[in-house]
Amino acid sequence: MDLDEFRGALDAWLDDNHDQLRHAGVGTLDGQMEQLSKVKRLTYDAGWMRWGWPEGVGGLGGSPLLRAYLGEALTWRALVEPGLYSMTEVLAPTMIGYARSDLAARMVPRLLRGDETWCQGFSEPGTGSNLASLACRATAGTEGWRVTGQKVWTSLAQYADRCVLLTRTGEPGSAHRGITALFVDMDSPGITVRPIETMHGAPEFSEVFFDDVAVPFDRTLGQEGEGWAVAMDLLPYERSTALWHRAAHLRRRFQDLLDAAPEGALGATEVGEAIQTLYAFRARSRATQHRLDAAERLGPETSIDKVLLATAEQAVYDLVVDGLPGAVTIGDDPISERWRTGFLYSRAATIYGGTAEIQRNIIARRLLDLGADR
Amino acid sequence: MDAGERDLFARGVRRAAGAHTGAALDSALAQLGWPEALAGDPRTAVSVLFELQGATNTTSSSVNHVLLGPLGIDGGVVLPALDRWGPPGVLDGRRLSVCGLGTAVLARLPTTVVVARSAASGDVAGRPITLTVPTAALTLRPVGAVDPALGLLEVSVEDWSIEGAPTPAPEWPAAVARAQLAIGHELVGAARSMLDLARDHARHRVQFGRPIAQFQALRHRLAESLVAIETAAALLEEAWREDSPPASAMAKAVSGRTARTVAGHCQQILAGIGFTTEHPFHRYFRRALVLDQLFGSSRRLTRELGNEVLASRQLPPVLPL
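Protein chains in written order, with my numbering: chain X, 1090 to 1463; chain P, 12 to 332.
Chain X extracted, bound-state conformation:
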């Protein structure tokens, strides 16, 4: 199936099934997660969600551009929240690339269909920007791994059935060499999840505690000690298709803002600049989607995409504060609530997925070849 054919047929299907797909209007995270599962199930059962994924994991094959367009269409129509929806774009390629093929074949369809939610256990209390310093320990026993330690900022952990978990299997000081990635069932005995109250009101992140949790050896992703490669391969996905979906979402919200802002509330120069930033990000991300389609290996240049996304997201929501002042500051109605959540969440765009400073460090070292910074 080619992209134009896919686009035409999908758009028609989305129009026809609008009533069934549309958001029931529940603004809570529980409501959004329910909506997400519903949309994934309907689009999977109708085939759309399976395009762009390999046949070995329940896909129908075809270009990853089809996935990019599906996510664009769903976020543009406000049927899903892009941050929740796009986690598939990060987790499924990791399983396809590193899990044993029978495991990937069994598990990935459950993620795509929305039957399951997965999370990603990377950050720890002492391990934020310096990921290679992680300490959550996995020890090889006779029957499998035993995991003990703590993760934090684990998105959707309280909903998750599985977790792609980075653990320390080498010596404590072994940095990026001694990390192993595991695929863990979240209902395993010894796992405790504590959601974190956040500034934007949705308890999207959790702390996750592992107390001598058993994980079979056949749940190892890649080889023992190969966890750094798993993480590094996953990050460019986080900065490609997922960002394309986010661009569509931002364009939607920008148009909503133009529809709602009263006369005189927005400044021409600020609006012009925000549009330029958003459209530049979209142009950059579009080129990245086509490189992914051409099977090019994505690398540190996607840090530029991430910097642009963060700049665009904050530029758009900065307009919201002044353009719809009451919505962010004093409105208690559901529409104001949604603007406020979006604005507050946009403040994290320069923090999550590698801070703005980490992205600039990557650009300096890897793209400008400035050498180590110490």
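Don't read these hints as lab results, they were simulated from the structure. Accuracy of the hints is not assured; some may be wrong.
[What the hints assert, rightly or not] Stretch-level coverage of chain P by chain X, calculated; a stretch enters the list once three of its residues show a Cβ under 8 Å from a Cβ in chain X:
1. 206-220
2. 224-232
[To be verified] Covered stretches of chain P, as calculated for chain X (at least 3 residues, CB under 8 Å):
3. 94-100
4. 248-262
5. 307-315
[As the list claims (entries may be wrong)] Chain P residues, not near chain X, derived (Cβ > 10 Å throughout):
6. Arg-119
7. Ala-148
8. Leu-151
9. Arg-152
10. Val-168
11. Ser-172
12. Ile-173
13. Glu-235
14. Ala-245
15. Phe-286
16. Pro-327
Ideal Cβ placement from N, Cα and C applies to all residues, glycine included.
Fit chain P to the known structure of chain X by using the hints.
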């Protein structure tokens, strides 16, 4: 052009733009077949030449030909006034006034094309038209000021009585769009060179016992510069695909802002040496200032975009993935 031809063409243009500037570059480009390339494959001809012109700090009259292309005319043409993209002339009855700019080629040609707006009432009011005038009727002032090496002319005349009938020029916005892309590429080329100079300096200049490239404050300025350059480059690509005046204006606005942002970061990194004429940086700095103001400055184009969107309450269209 296919990939091989494009490569060969780019190599020829690179040699020419590296070795010549001004009238000498014009004749080298004529010999290379650049004008024919402009007609046949404008995207390649414009992007290759102007990016190099910016990168090597050379100049030619090529933007003259880029502007004329969509108008379907040959010769010399008056460019819009500084920071403007509208026609440089106003026709009131039979009297023409011009306030614009030009490239050096104007001084070598007996006649010049002026695009003007008609001040008359009726259906022609405000619509662009073209007139051909004897170059001798125009006042051509060679521009020195901040960047004398650019070879720009200031072109003016007041109340000159025209002969012959003007022709409608509905292609003017398309012609301006092309020229904006050309100058956008030139700005990006200049920005890339400024970044190269600053990067090179940061890697070799030693203070406190280490190359200053190791200091994060400087690394982040260089990283910011690359982000700005790739931002403009992405919009230029998109504007060629889209081929519309609004997309070109957006790409030009961002290219101008990019070059000025990069100039600021790089000047700070080059510090003392970059402030002298012993170092080439100042030439790029000067060029970026002037180029930003050709065919609309970043500032004016951005405000105009905002005004249009606030009036229509519609985001500009996007091309599909």
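Here's how the hints hold up against the structure:
1. 206-220: This one holds; 3 residues, not fewer than the three required, reach chain X with a Cβ under 8 Å.
2. 224-232: Holds: 6 residues of the segment 224-232 of chain P have a Cβ under 8 Å from chain X.
3. 94-100: violated (count 0)
4. 248-262: holds (count 3)
5. 307-315: Holds, because 5 residues of the segment 307-315 of chain P bring their Cβ atoms closer than 8 Å to Cβ atoms of chain X.
6. Arg-119: 38 Å, holds
7. Ala-148: Label holds. Min Cβ-Cβ 38 Å, cutoff 10 Å.
8. Leu-151: Correct as stated: the minimum Cβ-Cβ distance to chain X is 34 Å, above 10 Å.
9. Arg-152: The claim stands: P:Arg-152 keeps its Cβ more than 10 Å from every Cβ of chain X (closest is about 32 Å).
10. Val-168: P:Val-168 clear of chain X: closest Cβ-Cβ about 34 Å, beyond 10 Å.
11. Ser-172: Nearest chain X Cβ is 40 Å from P:Ser-172, so the label holds.
12. Ile-173: 37 Å, holds
13. Glu-235: Given a closest Cβ separation of 7 Å, the condition is violated.
14. Ala-245: 4 Å, violated
15. Phe-286: 23 Å, holds
16. Pro-327: 7 Å, violated
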